[in-house]
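Spelled out from the first residue to the last, the chains are:
There are 2 protein chains.
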Amino acid sequence: MASVKFRYVSRFRGGLPPGAARFGGMPKFNFTGGHNDPHMIPVDALAAAASSVIKRHGSLLAIYNLGQGPLGYLGLREFLASKLTGTRGMSVTADDILITSGSLQGIDFVNEILLEPGDTILAEEFTYSSVLTRAKKRGISVVPVPVDGDGLRIDQLEAILSDLKAKGVKPKYLYTIPTIQNPTGSILPLERRLSLIQLAKTHEVPIFEDECYADIVWADDAPPALYAIDPTQVIHIGSLSKSLAPALRLGYLVAGWEVLSQIIALKTDGGTGAIDQMVAAEYFSTHFDTHIRKLKSGLLRKLETLVKAVDREFGTDAELTVPKGGIFAWLKFPEGVKVSSLTAPSAESGIAFNPGPEWACAAGSADNMLRLCFALTTEAEIEEGMRELARVCFETTGFPRRGDNRARIERKPDK
Amino acid sequence: MASVKFRYVSRFRGGLPPGAARFGGMPKFNFTGGHNDPHMIPVDALAAAASSVIKRHGSLLAIYNLGQGPLGYLGLREFLASKLTGTRGMSVTADDILITSGSLQGIDFVNEILLEPGDTILAEEFTYSSVLTRAKKRGISVVPVPVDGDGLRIDQLEAILSDLKAKGVKPKYLYTIPTIQNPTGSILPLERRLSLIQLAKTHEVPIFEDECYADIVWADDAPPALYAIDPTQVIHIGSLSKSLAPALRLGYLVAGWEVLSQIIALKTDGGTGAIDQMVAAEYFSTHFDTHIRKLKSGLLRKLETLVKAVDREFGTDAELTVPKGGIFAWLKFPEGVKVSSLTAPSAESGIAFNPGPEWACAAGSADNMLRLCFALTTEAEIEEGMRELARVCFETTGFPRRGDNRARIERKPDK
Numbered sequence: 020m021a022s023v024k025f026r027y028v029s030r031f032r033g034g035l036p037p038g039a040a041r042f043g044g045m046p047k048f049n050f051t052g053g054h055n056d057p058h059m060i061p062v063d064a065l066a067a068a069a070s071s072v073i074k075r076h077g078s079l080l081a082i083y084n085l086g087q088g089p090l091g092y093l094g095l096r097e098f099l100a101s102k103l104t105g106t107r108g109m110s111v112t113a114d115d116i117l118i119t120s121g122s123l124q125g126i127d128f129v130n131e132i133l134l135e136p137g138d139t140i141l142a143e144e145f146t147y148s149s150v151l152t153r154a155k156k157r158g159i160s161v162v163p164v165p166v167d168g169d170g171l172r173i174d175q176l177e178a179i180l181s182d183l184k185a186k187g188v189k190p191k192y193l194y195t196i197p198t199i200q201n202p203t204g205s206i207l208p209l210e211r212r213l214s215l216i217q218l219a220k221t222h223e224v225p226i227f228e229d230e231c232y233a234d235i236v237w238a239d240d241a242p243p244a245l246y247a248i249d250p251t252q253v254i255h256i257g258s259l260s261k262s263l264a265p266a267l268r269l270g271y272l273v274a275g276w277e278v279l280s281q282i283i284a285l286k287t288d289g290g291t292g293a294i295d296q297m298v299a300a301e302y303f304s305t306h307f308d309t310h311i312r313k314l315k316s317g318l319l320r321k322l323e324t325l326v327k328a329v330d331r332e333f334g335t336d337a338e339l340t341v342p343k344g345g346i347f348a349w350l351k352f353p354e355g356v357k358v359s360s361l362t363a364p365s366a367e368s369g370i371a372f373n374p375g376p377e378w379a380c381a382a383g384s385a386d387n388m389l390r391l392c393f394a395l396t397t398e399a400e401i402e403e404g405m406r407e408l409a410r411v412c413f414e415t416t417g418f419p420r421r422g423d424n425r426a427r428i429e430r431k432p433d434k
Numbered sequence: 020m021a022s023v024k025f026r027y028v029s030r031f032r033g034g035l036p037p038g039a040a041r042f043g044g045m046p047k048f049n050f051t052g053g054h055n056d057p058h059m060i061p062v063d064a065l066a067a068a069a070s071s072v073i074k075r076h077g078s079l080l081a082i083y084n085l086g087q088g089p090l091g092y093l094g095l096r097e098f099l100a101s102k103l104t105g106t107r108g109m110s111v112t113a114d115d116i117l118i119t120s121g122s123l124q125g126i127d128f129v130n131e132i133l134l135e136p137g138d139t140i141l142a143e144e145f146t147y148s149s150v151l152t153r154a155k156k157r158g159i160s161v162v163p164v165p166v167d168g169d170g171l172r173i174d175q176l177e178a179i180l181s182d183l184k185a186k187g188v189k190p191k192y193l194y195t196i197p198t199i200q201n202p203t204g205s206i207l208p209l210e211r212r213l214s215l216i217q218l219a220k221t222h223e224v225p226i227f228e229d230e231c232y233a234d235i236v237w238a239d240d241a242p243p244a245l246y247a248i249d250p251t252q253v254i255h256i257g258s259l260s261k262s263l264a265p266a267l268r269l270g271y272l273v274a275g276w277e278v279l280s281q282i283i284a285l286k287t288d289g290g291t292g293a294i295d296q297m298v299a300a301e302y303f304s305t306h307f308d309t310h311i312r313k314l315k316s317g318l319l320r321k322l323e324t325l326v327k328a329v330d331r332e333f334g335t336d337a338e339l340t341v342p343k344g345g346i347f348a349w350l351k352f353p354e355g356v357k358v359s360s361l362t363a364p365s366a367e368s369g370i371a372f373n374p375g376p377e378w379a380c381a382a383g384s385a386d387n388m389l390r391l392c393f394a395l396t397t398e399a400e401i402e403e404g405m406r407e408l409a410r411v412c413f414e415t416t417g418f419p420r421r422g423d424n425r426a427r428i429e430r431k432p433d434k
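Residue numbers (this note's numbering), protein chains in the order written: chain A, 20 to 434; chain B, 20 to 434.
Chain A with its partners taken away, still in its complex shape (with noise of 0.2 Å):
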């Protein structure tokens, strides 16, 4: 440990936040954030693309974005737009595409060319965190749209935008995660994403989708992207850490010429980490198809066993989202059970999970809910992590009564 003392911490600017605590280390039943399935990184295979690939291009590295400019290595964007053409339905090439330091790059280059403090956003209700806190660091007002177990309700977002439209207000972007929505694991029905097209076409509403879990989905039967349905009025971000891993700071942004350029002029970070690109090419461009099949028959799995332990500890009060995809299910406890309470206990037993106050627009609409990941932990530590996740709950709040786990509706993620 460092006894360093700097002498100007005085001299620090006003309104930081506080600073981090030294890190202490995984928790033993880590259901937060993004993590992945280690036992799912096809560890030989990315050795031997790594290798490969180094010894073929490794003397670009010592150019700048390896000599092909800003947008990032040409053989990442050229199975990027390979793989959104083929499996998003977008008609894209390589040109279109720029390679960020994962998506929370590619949101803070949005928010950077659109967004001035007390514009207002829309997002669904609950949403990603990180979009969250970026918003309200920069002072906007995010205003929530409903969403069902098909994501958005068209007929709602209709409603609000004409009602923003009578107090003058024009939102800067809609966010919307249409393909495995994050935290409620839904898919965007075709129809609702047309009328989503129409509608903000209407009210002159940019969308920001974000597809960072759409390689994941259980049936593989997802619509197409909104960017596929209308490019004109879609700026269009995905990622790697979910289909390979999210160690790899690798996600990309797509979108037309007159985007692309502003956000180039404001990459001033010297490009992407270039290996990570290389590696990840590399291994997918002949491996991907077979890598999602074995990862999400692995999640599916994990998730089966989340459904059932969650369905045996904490009966049938606690409703799980079961989601179409991806690697979190959205667990709904009775009101009045509120999750902030069970932080602290929980982190004392192992325990850590994404509360759902940190998901939501509106203050106070999801005090009773959380995030499970259950791509990191092995199906062992999701049935002990549930079993001890709801004693501390009974122990805190009382929930769930003793008893609950006796007459359970079996129930399974659609497949």
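To be clear, the hints were calculated from the coordinates, so they are not data collected in a lab. Among the hints, a few may not be true.
Given that identical chains are not distinguished, each listed pair holds provided it fits within a single copy or across any two copies.
Stated by the list, open to error - No more than 30 Å apart at the CA atoms, straight line, and that leaves these computed lysine-lysine pairs for DSS-like: (1) 47 with 351; (2) 156 with 189; (3) 321 with 357; (4) 47 with 74; (5) 24 with 220; (6) 24 with 189; (7) 351 with 327; (8) 156 with 321; (9) 184 with 220; (10) 74 with 220; (11) 313 with 74; (12) 321 with 74; (13) 155 with 357; (14) 186 with 155; (15) 189 with 220; (16) 184 with 155; (17) 184 with 24.
Starting from the structure of chain A, add chain B where the hints point.
Positioned in the frame of chain A, the structure of chain B alone reads:
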């Protein structure tokens, strides 16, 4: 080329920089930026390192930051701690080091914790252009401190600090590149380092030390880092861009915990690319000394070629500051020769360089100067590039006079 138009360009926020142009490929004679020598990339050894480390630790890629916390990959931090202790005299452990996505990210973080619009910083009169552009973007005044062949003029610095104090201005930091100053290539002697630390203490000015080039010193005789002299007054950054490769985005920041913890709270990028980190650590942990020795000998050969070519083509009226290490040289034309007039015609002839004004704190102080990076181009390209540059220069400005390439003083870099 993409043909999609984004419908909402009019909704971009105000004050954005101009959009970037489409990437048009690399210039033939590229003397810009921090590119390295492609022939010096140890392709086979890097491929072997990648294969080995991915096989050993690849499954950790499933976890953000490899499960090792926000400071970054432990293997890389341990290598850096050992290197900084051994070569820079810094008493540090892996816990004192934050891996950043390039040293530019470190600069952004230091700015983020210290600077507010209207603040003042100090820098060497000629300095890293990205520090100047970033300061400008934040509305920061940069006060130039004169340099000579040994770096910062301490007497002048003292006068400037007293003058600022009299005006009630308290600079937020002094940004300095003491070891291979960018762009003048000097090394600050130990005596000046000691005086600088004392002055900083007296005037309560934090020191922001950038040692990006400190691994590449011809004579291996650089005094210890400023951080080694007084870690309580210094935030230290460095990079692997020059010692290994710039397309790997790997920098590091060393500072007391109050600084690190504050910066970690701002590092919301999900971490730095993990395979880049793993490969660099694996390779450098066993090959650092031999690689650096080979790299320096190759760079020194190119520098000698550049010195001769500049002498031959530009004659005695051009002053080339021969650097004590690194990858660039600073060239001064006679007063009145404006390098800004050379940029466009040079580009037409495939020549790119860094115009002096971009490296100068004060407008007008480097209009006749330019920076030449000599690492990327081959020796033949250096010779041809200088011949072409001299031709363009003569056709544009009348300098160098024909015949200047007759009676040259033979100059060699100090070894």
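Going down the list of hints, with the structure as the test:
1. 47 with 351: Within one copy only: 23 Å inside a chain, 61 Å across chains, cut-off 30 Å.
2. 156 with 189: both (20 Å within a copy, 28 Å between copies)
3. 321 with 357: Result: close within a single copy only, 26 Å intra versus 67 Å inter.
4. 47 with 74: between (39 Å within a copy, 24 Å between copies)
5. 24 with 220: Close across copies (14 Å), not inside one copy (56 Å); limit 30 Å.
6. 24 with 189: between (48 Å within a copy, 21 Å between copies)
7. 351 with 327: within (15 Å within a copy, 74 Å between copies)
8. 156 with 321: neither (35 Å within a copy, 48 Å between copies)
9. 184 with 220: Within one copy, since 14 Å is at most 30 Å while 57 Å is not.
10. 74 with 220: The answer is neither: 49 Å in one copy and 50 Å across copies each exceed 30 Å.
11. 313 with 74: both (28 Å within a copy, 19 Å between copies)
12. 321 with 74: between (38 Å within a copy, 25 Å between copies)
13. 155 with 357: Intra 23 Å, inter 47 Å, cutoff 30 Å: intra-copy only.
14. 186 with 155: So residue 186 and residue 155 pass the 30 Å test inside one copy only (21 Å; across, 37 Å).
15. 189 with 220: Classified as within: same-chain Cα gap 13 Å, cross-chain 52 Å, threshold 30 Å.
16. 184 with 155: Answer is within: at 22 Å inside a copy they meet the 30 Å cutoff, but 38 Å across does not.
17. 184 with 24: between (53 Å within a copy, 25 Å between copies)
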